[in-house]
Amino acid sequence: MNQHAKRRYQAGLAKLRDPEEDRPRPPPRLLATPEAGKRSHTVEEADAGQRLDRYLAALADTAGEALSRTRIQALIEDGQVSIDGHPTSDPKAKVRSGQTVTLDLPLPVAAEPEGENIPLNIVFEDEHLVIIDKPAGLVVHPSAGHETGTLVNALIAHCGDSLSGVGGVKRPGIVHRLDKDTSGLLVVAKTDAAHQGLAALFADHGRTLRLDREYQAVVWGAPRRGGVINAPIGRHPGQREKQAVVRADRGREAITHWELQEMFRGDETPVAALVSCRLETGRTHQIRVHMAHIGHPVLGDPLYAASVRTKAALLDETSRQLLEQLGRQALHAAVLGFDHPITGDALTFQSELPQDIAVLIEALRARSG
664 MNQHAKRRYQ AGLAKLRDPE EDRPRPPPRL LATPEAGKRS HTVEEADAGQ
714 RLDRYLAALA DTAGEALSRT RIQALIEDGQ VSIDGHPTSD PKAKVRSGQT
764 VTLDLPLPVA AEPEGENIPL NIVFEDEHLV IIDKPAGLVV HPSAGHETGT
814 LVNALIAHCG DSLSGVGGVK RPGIVHRLDK DTSGLLVVAK TDAAHQGLAA
864 LFADHGRTLR LDREYQAVVW GAPRRGGVIN APIGRHPGQR EKQAVVRADR
914 GREAITHWEL QEMFRGDETP VAALVSCRLE TGRTHQIRVH MAHIGHPVLG
964 DPLYAASVRT KAALLDETSR QLLEQLGRQA LHAAVLGFDH PITGDALTFQ
1014 SELPQDIAVL IEALRARSG
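Start counting at 1 in the sequence shown, then tack on 663, and there's your number in this note's numbering.
Keep in mind that the hints were calculated from the coordinates and are not lab data.
Don't be surprised by glycine CBs; every beta carbon is placed ideally from N, CA and C.
Don't take each hint at face value.
In silico lysine-lysine, DSS-like type, Cα no more than 25 Å apart, as pairs [stated by the list, open to error]: (1) K843 - K905; (2) K701 - K905; (3) K755 - K833; (4) K905 - K755; (5) K757 - K701; (6) K843 - K833; (7) K905 - K757; (8) K905 - K974; (9) K701 - K755.
Just the calculated beta-carbon pair ranges, DEER-fashion [to be verified]: (10) K757 - A856: 16 to 26 Å; (11) E707 - S939: 53 to 63 Å; (12) S825 - G761: 53 to 63 Å; (13) G761 - A1021: 46 to 56 Å; (14) F787 - V832: 17 to 27 Å; (15) T981 - T1006: 43 to 53 Å; (16) Q1013 - H868: 18 to 28 Å.
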């Protein structure tokens, strides 16, 4: 292109250029990192009828806080928002004039968990995976309120960099989990290949691949010999820390097979029983929710057995004291069996009942005569 043609070309581009492009643009708006803690707002008449997530997002935007609507939705679903003092987990809930909406923003957690010197009961370990017999009271992975002192922190200290990264930096090696106060067997992946194989195994729930998961539980009442509970589970509509049996369109498929092992009597009538439970699915609190759903909640369960606390009066003094000392649900992951995802070896592990549940059962058995 000669110089004359080049000048004509550049002149043509200048005519096509949007004049707005030449105007100075304001600097990008800087948003402040929101401070952790509670903040409450009274809904004004002009805001009535808005979705809860949009209402809070608008407040954050007005305050210049870096709090996206997606983040707000996650906080609502995690139970960090209440309306007039009642927790809600529905981002679509409509706010009404005069209501007090409170957002409890948790403290930020470290980007990556660090290793901590926490004792581990290792049942089996090779270069691909490790089987842990988890004690009650140990949280599996960091979460709000439990940023340290978890199984993940212990695993990082034990395994170093030899943990699968498939689960992300917060959950290295974690394929499945047990509730904080449920004891028993849990498998952790040390390599990505093992993690992928184990994840497929747990997603299959033993339907086509071998996966044996048996739990032992002491439950209230006199259950029949056994059965199958097929009832969908979802988040409790009013209590963020609980799950509940819900309509199919509000929850996920949940199937529990259970069998009566032993009945324990009070003065004259059955008061409690030892049952074994086998999971066909793996929902949060599944056994605890399902057994409570059929009227036989797990002894000591602080969430799902509150309605039957008066049954403790049917126990003898020794059993009552042991139940109080238990301080958790009497639930233990006793059997874990599967085919090794890399070698194909058939693996089966068993864990004896921990002392706190075992002594309670012995006391109940002695009372039954």
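Original post:
Between Q1013 and H868, does the C-beta distance stay in 18 to 28 Å?
Top reply: 20 Å, holds
Subject >> Proposed proximity, K757 with K905 (alpha carbon, max 25 Å) >> reply: 22 Å, holds
**OP:** For the pair supplied as a hint, K905 and K755, confirm whether the alpha-carbon distance does not exceed 25 Å.
**Re:** Measuring from Cα to Cα gives roughly 20 Å; hence the hint holds.
**OP:** Would you check the hint for K757 and K701, treating anything up to 25 Å between C-alpha atoms as holding?
**Re:** 21 Å, holds
**OP:** With respect to the beta-carbon atoms only, verify the hint that S825 and G761 lie 53 to 63 Å apart.
**Re:** The hint (53 to 63 Å, Cβ to Cβ) holds, given that S825 and G761 are roughly 57 Å apart.
Subject >> Hint consistency between K905 and K974 [alpha-carbon to alpha-carbon, up to 25 Å] >> reply: Given pair K905, K974 holds - Cα atoms ~22 Å apart, limit 25 Å.
Subject >> Distance restraint between K701 and K905, which requires alpha-carbon spacing of 25 Å or less >> reply: 22 Å, holds
**OP:** Please work out if K701 and K755 have their alpha carbons no farther apart than 25 Å.
**Re:** The hint holds at about 21 Å.
Subject >> Hint consistency between K755 and K833 [alpha-carbon to alpha-carbon, up to 25 Å] >> reply: Since the Cα atoms of K755 and K833 sit roughly 29 Å apart, the hinted pair is violated (cutoff 25 Å).
Subject >> Beta-carbon spacing of K757 to A856 - inside the hinted bounds 16 to 26 Å or not >> reply: 48 Å, violated
**OP:** Could you tell me whether the CB distance from E707 to S939 stays inside 53 to 63 Å?
**Re:** 56 Å, holds
Subject >> 25 Å limit on alpha-carbon distance, applied to hinted pair K843 and K905 >> reply: 14 Å, holds
Consistency note: the structure conflicts with the earlier hints numbered 3 and 10.
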